[in-house]
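Visitor: Sequence:
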Amino acid sequence: MKSKIILVPTYNASATIRETLNSIQASIGKQSLIEKVYIADDFSTDDTLDICLATWTHQTEMTILTATKNRGERENINAAVKLLKDRYEWLLILHADDIAKENWVSTMCEAIDQGDENLASVCSSYDVLWEDGSIEPGEDKEKNILVKGDDETIRNTLRKGTWWHISGCAISIKALEDSGGFHSQMPQYGDMEWLLRILQKKLVVQYIPRSLTLYRQASTSVSSKSFRKHRDIYEHANLVIGYRNFLSKTDLRELFFRFYIQLSKRIGSSILKGDLSRLISSIKMMLYLAKLFLITQKPNIPYINQQLS
0 MKSKIILVPT
10 YNASATIRET
20 LNSIQASIGK
30 QSLIEKVYIA
40 DDFSTDDTLD
50 ICLATWTHQT
60 EMTILTATKN
70 RGERENINAA
80 VKLLKDRYEW
90 LLILHADDIA
100 KENWVSTMCE
110 AIDQGDENLA
120 SVCSSYDVLW
130 EDGSIEPGED
140 KEKNILVKGD
150 DETIRNTLRK
160 GTWWHISGCA
170 ISIKALEDSG
180 GFHSQMPQYG
190 DMEWLLRILQ
200 KKLVVQYIPR
210 SLTLYRQAST
220 SVSSKSFRKH
230 RDIYEHANLV
240 IGYRNFLSKT
250 DLRELFFRFY
260 IQLSKRIGSS
270 ILKGDLSRLI
280 SSIKMMLYLA
290 KLFLITQKPN
300 IPYINQQLS
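Each residue of the sequence shown is one higher than the one before, starting from 0 at the first, in numbering that gives the first Met the number 0.
What the hints contain is simulated information worked out from the structure, not anything from laboratory work.
A few of these clues could be false.
Computed list of lysine to aspartate or glutamate pairs in DMTMM-like fashion (alpha-carbon distance at most 25 angstroms, straight line) [stated by the list, open to error]: (1) 173 x 149; (2) 297 x 151; (3) 84 x 60; (4) 297 x 149; (5) 201 x 151; (6) 159 x 149; (7) 29 x 88; (8) 84 x 115; (9) 159 x 250; (10) 283 x 253; (11) 84 x 34; (12) 297 x 231; (13) 29 x 112; (14) 35 x 60; (15) 290 x 250; (16) 84 x 176; (17) 200 x 177; (18) 201 x 176; (19) 140 x 112; (20) 68 x 49; (21) 173 x 150; (22) 228 x 130; (23) 81 x 116; (24) 264 x 274; (25) 228 x 74; (26) 100 x 139.
Now the in silico label distances, taken between C-beta atoms and shown as ranges [said to hold, decoys possible]: (27) 112 x 142: 17 to 25 angstroms; (28) 228 x 69: 12 to 20 angstroms; (29) 17 x 105: 17 to 25 angstroms; (30) 154 x 58: 42 to 50 angstroms; (31) 287 x 217: 25 to 33 angstroms; (32) 81 x 275: 40 to 48 angstroms; (33) 272 x 2: 47 to 55 angstroms; (34) 139 x 66: 35 to 43 angstroms; (35) 116 x 301: 23 to 31 angstroms; (36) 67 x 287: 33 to 41 angstroms.
We put the CB at the ideal spot given by N, CA and C, even for glycine.
Could you put together the complete structure from these sequences and hints?
Guide: Pasting the structure below:
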């Protein structure tokens, strides 16, 4: 069996961390599959850590890693991996506002132990928990999918979007270290950016088409904020241009117009709501995309090629 830990990145998560940790304790159960649970706190200013200490009662030890400043989620995880990389082989990650299902730990650990040295990560489908309490169910299929890194997989990921989700996944610490860690300048599309690097290295990712976690969608989340500022389109477009050698001219043209359609819808919504600032930012993003795709064809977000050190 490979050595495994659970890593929970936290930042001012007092409203949700109790439910998250209770779900992890229930998922671990009486099994001895997880060596330790780590809280990677990114300089919280609320009582997140007090709640962690009060909530955790499981026999599996929990340790809190603290920071001297707020670094952002990607750098927070990278810093934790630097500390732990020589002690363990795999880590399971769950965001501090998400919820593990009872079979999350056992299913992930089984996939890890059955994988070979080319397995870089295991991920699964998930349910979406909306703010009104409603749940949008994820997939529920029996057969796992082994996704091999090649040119066609990279092309399909760029065209269709990422199917790999960091919260709820398991990652080989060696693969994460060798790839250079997560990109600190990509808060929205960092999942896809890391996945593309892994696929380019010809490594393998196993996808479990069954929902093992609940992803909490909140209006204050990074995803929701980025949607307002078009950060999602900015990062995705930069990835497309950065990996344009894997795409045909038709692919690039289709993606360009897809971004424009997205922005056109946001412009319409901004006009209806009288949101002048978002209307202006939408128009600016359209002009930026025209320059990026038609003139410079050079990404504004730098690549990561170095090892995590």
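Visitor: Look at each hint and say if it fits the structure.
Guide: Hints and how they fare:
This hinted pair checks out: residue 173 and residue 149 have alpha carbons roughly 20 angstroms apart, not beyond 25 angstroms. Between residue 297 and residue 151 the alpha-carbon distance is near 22 angstroms, which keeps this suggested pair within the 25 angstroms criterion. Simply put, residue 84 and residue 60 have alpha-carbon atoms about 18 angstroms apart, close enough for the 25 angstroms limit, and the pair holds. This hinted pair checks out: residue 297 and residue 149 have alpha carbons roughly 23 angstroms apart, not beyond 25 angstroms.
With a CA separation close to 11 angstroms, the supplied pair residue 201 and residue 151 stays within the 25 angstroms bound. A threshold of 25 angstroms between alpha carbons decides the hint, and for residue 159 with residue 149 the separation of about 16 angstroms falls inside it, so the pair holds. Simply put, residue 29 and residue 88 have alpha-carbon atoms about 21 angstroms apart, close enough for the 25 angstroms limit, and the pair holds. Distance check on the hinted pair: residue 84 and residue 115 sit about 19 angstroms apart at the alpha-carbon level, within 25 angstroms; holds.
For the proposed pair residue 159 and residue 250, the alpha carbon gap of about 11 angstroms is at most 25 angstroms, so the pair holds. Distance restraint check for residue 283 and residue 253: the Cα-Cα separation of roughly 20 angstroms lies within the 25 angstroms cut-off, and the hinted pair is therefore satisfied. The hinted pair formed by residue 84 and residue 34 meets the criterion: a straight-line CA distance of about 14 angstroms does not exceed 25 angstroms. Distance restraint check for residue 297 and residue 231: the Cα-Cα separation of roughly 18 angstroms lies within the 25 angstroms cut-off, and the hinted pair is therefore satisfied.
Note on residue 29 and residue 112: the hinted pairing holds, with a Cα-Cα distance of about 18 angstroms set against a maximum of 25 angstroms. This hinted pair checks out: residue 35 and residue 60 have alpha carbons roughly 5 angstroms apart, not beyond 25 angstroms. Under the criterion of a C-alpha separation no larger than 25 angstroms, the hint pairing residue 290 with residue 250 is consistent with the structure, at around 17 angstroms. Straight-line distance between C-alpha atoms of residue 84 and residue 176 comes to about 8 angstroms, which keeps the hinted pair within the 25 angstroms bound.
Straight-line distance between C-alpha atoms of residue 200 and residue 177 comes to about 10 angstroms, which keeps the hinted pair within the 25 angstroms bound. A hinted pair counts as satisfied when its Cα atoms are at most 25 angstroms apart, and residue 201 with residue 176 qualifies at roughly 16 angstroms. Taking the CA atoms of residue 140 and residue 112, the gap is about 21 angstroms. The hint holds against a cut of 25 angstroms. Taking the CA atoms of residue 68 and residue 49, the gap is about 18 angstroms. The hint holds against a cut of 25 angstroms.
Under the criterion of a C-alpha separation no larger than 25 angstroms, the hint pairing residue 173 with residue 150 is consistent with the structure, at around 23 angstroms. With a C-alpha separation of about 21 angstroms, the suggested pair residue 228 and residue 130 falls inside the 25 angstroms cut-off, and the hint holds. The hinted pair formed by residue 81 and residue 116 meets the criterion: a straight-line CA distance of about 21 angstroms does not exceed 25 angstroms. As the CA atoms of residue 264 and residue 274 are separated by approximately 13 angstroms, the hinted pair is consistent with the 25 angstroms bound.
In summary, the hint linking residue 228 to residue 74 is supported, as the alpha carbons are separated by about 22 angstroms, within the 25 angstroms threshold. Between residue 100 and residue 139 the alpha-carbon distance is near 14 angstroms, which keeps this suggested pair within the 25 angstroms criterion. For residue 112 and residue 142, the Cβ-Cβ distance of about 19 angstroms falls inside the hinted range of 17 to 25 angstroms, so the restraint holds. At roughly 19 angstroms, the beta carbons of residue 228 and residue 69 sit within the given window of 12 to 20 angstroms.
About 23 angstroms separates the C-beta atoms of residue 17 and residue 105, a value consistent with the hinted range of 17 to 25 angstroms. Our hint of 42 to 50 angstroms for residue 154 and residue 58 holds, since their Cβ atoms are close to 47 angstroms apart. Distance hint for residue 287 and residue 217: a CB-CB separation of about 28 angstroms, consistent with the stated range 25 to 33 angstroms. Between residue 81 and residue 275 the Cβ separation comes to about 44 angstroms, which falls inside the hinted range of 40 to 48 angstroms.
Range check, residue 272 to residue 2: Cβ separation about 51 angstroms, and the 47 to 55 angstroms hint holds. Between residue 139 and residue 66 the Cβ separation comes to about 38 angstroms, which falls inside the hinted range of 35 to 43 angstroms. As the Cβ distance of residue 116 to residue 301 is approximately 29 angstroms, the hint placing it in 23 to 31 angstroms holds. Remark: the range hint 33 to 41 angstroms for residue 67 to residue 287 is upheld by a beta-carbon distance near 35 angstroms.
Going through the hint list in order, the structure satisfies each hint without exception.
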